[in-house]
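Here is what each chain is made of, one letter per residue.
There are 2 protein chains.
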Amino acid sequence: MSAHVLDVFMLFGDSITQGAWEPGRNGFGQRLAHVYARKLDILNRGLSGYNTTWSIPCLEQCLAKSADKSAPKLRVLTVWFGANDACIKPSPQHVPLPTFVSNLERMVDMVKSPTSPHYSPETRIILISPPPVNTFQRRADLESRNPPLKLDREFETTRSYAQAVRDVASEKGVAFVDVWNLLWEASGQNEQELSRFLSDGLHLNAEGYRIMYEELVSTIAREHPEVHYDNIGYVFPA
Amino acid sequence: MSAHVLDVFMLFGDSITQGAWEPGRNGFGQRLAHVYARKLDILNRGLSGYNTTWSIPCLEQCLAKSADKSAPKLRVLTVWFGANDACIKPSPQHVPLPTFVSNLERMVDMVKSPTSPHYSPETRIILISPPPVNTFQRRADLESRNPPLKLDREFETTRSYAQAVRDVASEKGVAFVDVWNLLWEASGQNEQELSRFLSDGLHLNAEGYRIMYEELVSTIAREHPEVHYDNIGYVFPA
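Chains as they are written, first to last, in the UniProt record's numbering: chain A, 1 to 238; chain B, 1 to 238.
Rather than coming from a laboratory, the hints here were simulated on the basis of the structure. Beta carbons: idealized from backbone N, C-alpha and C, even for Gly. Be a bit skeptical, because a hint or two may be false.
[Stated by the list, open to error] In silico DSSO-like cross-links for lysine-lysine, where the CA-CA straight-line distance does not exceed 27 Å:
#: 1; chain 1: B; residue 1: K65; chain 2: A; residue 2: K69
#: 2; chain 1: A; residue 1: K39; chain 2: A; residue 2: K89
#: 3; chain 1: B; residue 1: K89; chain 2: B; residue 2: K39
#: 4; chain 1: B; residue 1: K39; chain 2: B; residue 2: K73
#: 5; chain 1: A; residue 1: K150; chain 2: A; residue 2: K112
#: 6; chain 1: B; residue 1: K65; chain 2: B; residue 2: K150
#: 7; chain 1: A; residue 1: K39; chain 2: B; residue 2: K89
#: 8; chain 1: A; residue 1: K39; chain 2: B; residue 2: K150
#: 9; chain 1: B; residue 1: K39; chain 2: A; residue 2: K69
#: 10; chain 1: B; residue 1: K73; chain 2: A; residue 2: K39
#: 11; chain 1: B; residue 1: K150; chain 2: B; residue 2: K112
#: 12; chain 1: B; residue 1: K89; chain 2: A; residue 2: K73
#: 13; chain 1: B; residue 1: K172; chain 2: B; residue 2: K112
#: 14; chain 1: A; residue 1: K65; chain 2: B; residue 2: K39
#: 15; chain 1: B; residue 1: K172; chain 2: A; residue 2: K65
#: 16; chain 1: A; residue 1: K73; chain 2: A; residue 2: K150
#: 17; chain 1: A; residue 1: K69; chain 2: B; residue 2: K172
#: 18; chain 1: A; residue 1: K39; chain 2: A; residue 2: K65
#: 19; chain 1: A; residue 1: K172; chain 2: A; residue 2: K150
#: 20; chain 1: B; residue 1: K39; chain 2: B; residue 2: K112
#: 21; chain 1: B; residue 1: K69; chain 2: A; residue 2: K65
#: 22; chain 1: A; residue 1: K89; chain 2: A; residue 2: K112
#: 23; chain 1: B; residue 1: K73; chain 2: A; residue 2: K73
#: 24; chain 1: A; residue 1: K73; chain 2: B; residue 2: K172
#: 25; chain 1: A; residue 1: K65; chain 2: B; residue 2: K89
#: 26; chain 1: B; residue 1: K172; chain 2: A; residue 2: K39
#: 27; chain 1: B; residue 1: K39; chain 2: B; residue 2: K69
#: 28; chain 1: A; residue 1: K69; chain 2: B; residue 2: K150
#: 29; chain 1: A; residue 1: K73; chain 2: B; residue 2: K39
#: 30; chain 1: A; residue 1: K112; chain 2: A; residue 2: K69
#: 31; chain 1: A; residue 1: K172; chain 2: A; residue 2: K112
[What the hints assert, rightly or not] Per the computed footprint, the stretches of chain A lying under chain B, defined by three or more beta-carbons under 8 Å from a beta-carbon of chain B, are:
#: 32; region: 41-49
#: 33; region: 56-64
#: 34; region: 70-82
#: 35; region: 160-166
#: 36; region: 222-230
[Said to hold, decoys possible] Incomplete in silico selection of chain B near chain A, CB under 8 Å:
#: 37; residue: C62
#: 38; residue: S91
#: 39; residue: P92
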């Protein structure tokens with residue numbers, strides 16, 4: 001049996017989180033695991049294909065009850081959705097924008113509301129907006145499949161879901177990493193240029209993850225310096 | 001608080017384990033985390049600089065007591081030491097060969113002996129031998145430091161520690177990944193050629209980790225197929 005020796009940094013999200021250890025991408029999961037070695041366990045709770053509606057029952061399972069004092073402390077929780085919720089109808093992944101907002105609020109409240117059975121006031125939550133979609137790349141990728149598929153995401157729709165994540169973070173007073181705007185600015189506000197940061201119009205490539213990781217670490221340093229890796233000691237001494 | 005949703009695959013060892021998520025190396029920690037996503041949590045219990053003597057009390061802390069039924073199941077445990085134990089005197093990292101052997105035996109018994117408080121019969125242990133030392137590379141690395149350091153490891157010494165790991169694995173009937181021989185054969189039994197697999201004469205580079213990872217996965221498939229990632233289902237369905 002495995003004992004708890006380290007507190008936890010949990011990455012909750014969709015495939016962009018699940019794939020964050022993929023060889024060759026230097027994803028944020030891998031990089032956090034590297035810099036937090038002997039400090040916090042980085043747990044991959046990315047669920048490829050999931051939207052927020054399907055993920056809520058999973059988050060309930062991933063969080064221990066506040067009463068369970070034997071469970072490891074959850075120091076940081078990233079919540080990164082929107083890429084699948086923003087699918088257009090008739091995709092089964094589509095979640096209407098108001099539902100997406102209330103789902104995100106529910107996830108935050110699950111940790112932050114004193115009436116939640118999972119109430120964990122010491123957990124720092126960081127909301128992350130989905131990357132912008134490059135519909136040129138995405139369409140080409142889908143059309144190359146056998147059988148070819150139709151475009152399932154639109155640039156402006158994902159932008160509005162990204163804006164909703166920002167609004168929820170602001171309303172709930174939790175930290176926010178704006179991947180949508182970061183990559184949009186880095187591309188010079190040119191959709192086709194987004195291919196520098198996306199592997200298939202939807203998922204981040206190594207350069208996309210690099211920009212995201214650096215902003216995440218800056219956000220931790222600024223908003224929650226007590227959980228920055230430089231400020232957490234080794235559990236087993238050097 | 002973080003709940004247990006996945007069983008555990010623990011990587012216990014020295015810096016070669018701790019560094020197995022380093023950007024650009026595609027180390028075995030990162031790659032296992034990728035292929036076991038939603039299946040097992042890969043926990044980094046690498047302790048840079050440690051030898052087996054210093055590590056034993058840490059392993060005791062990393063393993064829950066058998067009586068603690070709330071602790072996550074430990075499905076696989078890799079134990080990878082020897083690179084520091086094989087330092088030559090007067091290095092404080094030096095552990096005499098007979099002590100290295102008894103330390104490894106103690107680690108295995110901690111999990112496998114019915115009289116151990118950490119007895120966990122369902123845990124699969126995989127012992128791993130240290131990589132061969134390239135003393136040409138290692139000497140150059142140490143001499144380039146400020147102040148310059150003397151060579152602290154010898155080719156033949158590490159070879160004998162690697163052989164000892166094989167003997168312990170055989171005696172205890174646990175699986176074994178022979179990194180020493182794998183890299184030695186891959187180099188054409190030419191010490192200088194080991195630079196193809198080692199970054200500094202001691203630690204694995206991306207090519208070294210690739211060979212090690214592939215052998216580890218083959219060993220799991222052959223010796224313990226029930227914990228191969230293809231044979232473990234997603235905890236949260238696809």
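Inset, instruction - Provide an ascending list of the numbers of those earlier hints which the structure does not satisfy. - result: 2, 3, 5, 6, 7, 8, 11, 12, 15, 16, 17, 19, 22, 24, 25, 26, 28, 35, 36, 38 and 39
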